[in-house]
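Student: One-letter residues, chain by chain:
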Amino acid sequence: DSGVTQTPKHLITATGQRVTLRCSPRSGDLSVYWYQQSLDQGLQFLIQYYNGEERAKGNILERFSAQQFPDLHSELNLSSLELGDSALYFCASGRTGAREKLFFGSGTQLSVL
Amino acid sequence: GENVEQHPSTLSVQEGDSAVIKCTYSDSASNYFPWYKQELGKRPQLIIDIRSNVGEKKDQRIAVTLNKTAKHFSLHITETQPEDSAVYFCAASTGAAGNKLTFGGGTRVLVKP
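Chains as they are written, first to last, in the numbering used here: chain A, 1 to 113; chain B, 1 to 113.
It is worth saying that the hints were derived from the structure and are not from the lab. It is possible that part of the hints are untrue.
Calculated cross-link-like contacts (lysine-lysine; reagent style DSSO-like; alpha-carbon spacing at most 27 Å) [to be verified]:
1. B:Lys57 <-> A:Lys101
2. A:Lys101 <-> B:Lys112
3. A:Lys9 <-> B:Lys68
4. A:Lys57 <-> B:Lys57
5. A:Lys57 <-> B:Lys58
6. B:Lys42 <-> B:Lys57
7. B:Lys71 <-> A:Lys101
As the structure is a computational prediction, the values presented were derived from the model and not from experiment.
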């Protein structure tokens, strides 16, 4: 167990809908990262937050948004969902926000039908 | 931005043999290079990392080498065991203003008993 909690584990929804994925980092970690992993694909960096502020941004679609709350948990919002958004979404946390080991959650498997 | 290429995409070895995975990166400012192992249906887990001020690091049967001049780094697994079967990802990060860790495409390693 990495100490990073992601909910829900599975999510099935329809095209055009909106979903929210939730992540609680390890105790003491200030940084949260979101990654997308499509079938048989690598890990695509979406966005990073550090202590409530956006720190780095990757190839995140405009339909996607995220935030980190004062209690340091983070939410990833995916809207106007398309079939191609089906993927495994991982959250990871780290202590310092730079050059650090990442601890991954178990992921949320999103299926858009 | 940073681009990380990883080879080979699949690797089959006999139990007891060595396995080598190679990665190249594009951003000369990158200074942190972790390796993650992802078993089927599981989260990625850090197995070893190296920073740019060293050329080699070992941890039991695993070693990583870094050549900053050529901008490539490699993972070496000796005396492979069936439990080493997994997908391995290399990554690179500049660690500047955030930790936009860029992952390679992954190598699926199969250790045959």
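Student: Each hint should be assessed against the structure and marked as holding or not.
Tutor: Verification of the supplied hints:
no. : hint                  : result
1   : B:Lys57 <-> A:Lys101  : 15 Å, holds
2   : A:Lys101 <-> B:Lys112 : 30 Å, violated
3   : A:Lys9 <-> B:Lys68    : 39 Å, violated
4   : A:Lys57 <-> B:Lys57   : 30 Å, violated
5   : A:Lys57 <-> B:Lys58   : 32 Å, violated
6   : B:Lys42 <-> B:Lys57   : 26 Å, holds
7   : B:Lys71 <-> A:Lys101  : 21 Å, holds
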